[in-house]
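**Q** Chain by chain, the residues run as shown.
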Amino acid sequence: MNHQIGDVILDLKNVSLAFGGVKALTDISFDVREHEIRAIIGPNGAGKSSMLNVINGVYRPQQGEIILRGEHFARMNPYKAAKAGISRTFQNIALFKGMNVIDNMMTGRNLKIRSNLIQQAFWWGPARREELAHRAKVEEVIDFLEIQHIRKTPVGRLPYGLQKRVDLGRALAMEPSILLLDEPMAGMNVEEKQDMCRFILDINDQFGTTIVLIEHDMAVVMDISDRVVVLDYGKKIGDGNPDEVRASPEVISAYLGVSH
Amino acid sequence: MGFFLETLIGGLMAGMLYSLVALGFVLIYKASGVFNFAQGSMVLFAALAMARFAEWLPHWLGLDSLWLANTIAFVIAGALMFVVAWLIERLVLRYLVNQEGATLLMATLGIAYVLEGIGTSLFGNNIYSIDVGMPKEPVFILDGLFEGGLLINKEDFIAALIAALLVGLLALFFQKTTTGRALRAVADDHQAAQSIGIPLNRIWVIIWFVAGLVALVAGVIWGSKLGVQFSLVTVALRGLPVVILGGLTSIPGAIIGGLIIGVGEKLSEVYLGPMIGGGIEIWFAYQLALVFLLFRPQGLFGEKIIDRV
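If you're matching them up, the sequences are chains G and E in order. Sequential numbering of the first sequence, starting at 1, is according to my numbering. Sequential numbering of the second sequence, starting at 1001, is according to my numbering.
Bear in mind the hints are in silico, worked out from the structure with no lab data behind them. Be aware that a few hints might be false.
[Stated by the list, open to error] Residues from chain E shown here face chain G by an in silico Cβ test under 8 Å; the list is partial:
hint, residue
1, 1131
2, 1132
3, 1133
4, 1135
5, 1178
6, 1179
7, 1184
8, 1191
9, 1192
10, 1194
11, 1196
[Stated by the list, open to error] PhoX-like, lysine-lysine: derived pairs with alpha carbons at most 20 Å apart:
hint, chain 1, residue 1, chain 2, residue 2
12, G, 137, G, 83
13, G, 137, E, 1176
14, E, 1225, E, 1136
15, G, 97, E, 1225
16, G, 152, G, 193
17, G, 83, G, 97
18, G, 13, G, 235
19, G, 112, G, 83
20, G, 152, E, 1225
21, E, 1176, G, 112
22, G, 97, E, 1136
23, G, 112, G, 13
All C-beta atoms, glycine included, are put in the ideal place defined by N, C-alpha and C.
Pulled out of the complex, with its shape left as it was, chain G reads as follows (with noise of 0.2 Å):
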């Protein structure tokens, strides 16, 4: 299968955030084109996490506008984002943590389910052969991800690099047309990295997902994303493809150039 890089699908405008006299973000615009791997990096601090939370609408910008698809969001929230079909993962995974693997992706099914409570209390016709339908779907999610042998085990007691698997597979049992991804890779070792980065590709690749996402290795960053935005101290100070972005003198002195 192959998707083309099509027309922008998201658009941001001057979007300004402010947590009282805190400047998180000043003046951002930039676009998300169907089908491509969309990279925003920075250094600490820079406003990473707080511009996909606006994508989002977990914040609401007091500046500035998100394009959808042509449509104008002034007022975005979690829900309608999802309804929009944006999902995303966390930074610091929120799985729930009680649950299994498989309840935890079956929720991530909770929009696409036309069953009602009283169906459901029930165990009605309709009720049921929805539930067998939607867990097939999260199965082939399951299966996608190579996490087969870890279905039925609570979350929880899950190692790091497995748990961000999971979340990463709630938001695909979505089926997003847009994958917002916080720091997939943070505290993973190389070799659960590169399982990451294949699973990454594989989705923009096999579904034409839209992805946009946020991480610190650089190497990574500029091996799979298409093209690459750079933020520090919430201002915008580099946009276009890895190469660009690399020979860019404020990026290089702003980001790449400081040693960690």
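Given chain G, work out where chain E should sit, using these hints.
**A** Just chain E, lined up with the frame of chain G:
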């Protein structure tokens, strides 16, 4: 032996009723992470509605069947609890998403006063009775096995049976249905639940409604035992040691905690009472809860609280 069993069974039946009250706390705590101070007021409100409608309906509609009047009154009271749940979400909870636990706690304290006020102004504040036709006279069972048999209070027995049934159904609902799964998801993590498109507002209405129904059943059972009066509010206090014992997040914990406290109360009253003076029943549950708070604050089945440092 017969006497011991009789005490044990009495304790189990009383315990089941405590579980029912505790269940109200657990449901709301699970879904919204807030300890609901208004649970007792919800019991009072529901019981008042039930008692007064059962009294008014025969006059209004010319019914002469007690059973029919009770059924309609129960349905109306249930519908009222839905309105209450909807209003609480609409007017209070909606504005407190992702706020501190203490803020929500204070909000439920406010809800408690408002509910008590509205309940007593609508329905009056005298002592009313609920007569759902529970058999009052005790019966002897198993008189073949023991000399004199076991004396069982039929009313308590039926009440315990209803409570057990309700608790079982709710546990199934939580575990097996899509909505149940969404409820558990909201309980674990508001933000994550919202980001995958679980409508927080609707889930809250559902959970407060279910807690309202539990309060209604508890109100009917306790109300028919003690009479419907303002002191029903304190019935909820009996649920407190139960949730501390069983864990605030566990439905099975609420059941087993209730049973342990019911049995513990009755056995200690009967067997320890003569040694250290009576009245143990009154403080036993709270002492046990205190011990648990010292040594196992998450309760028997609650989730252990581990914070990243």
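**Q** Return the numbers of the hints above that this structure violates; sort them in rising order.
**A** 1, 2, 3, 4, 15, 16, 17, 20, 22 and 23
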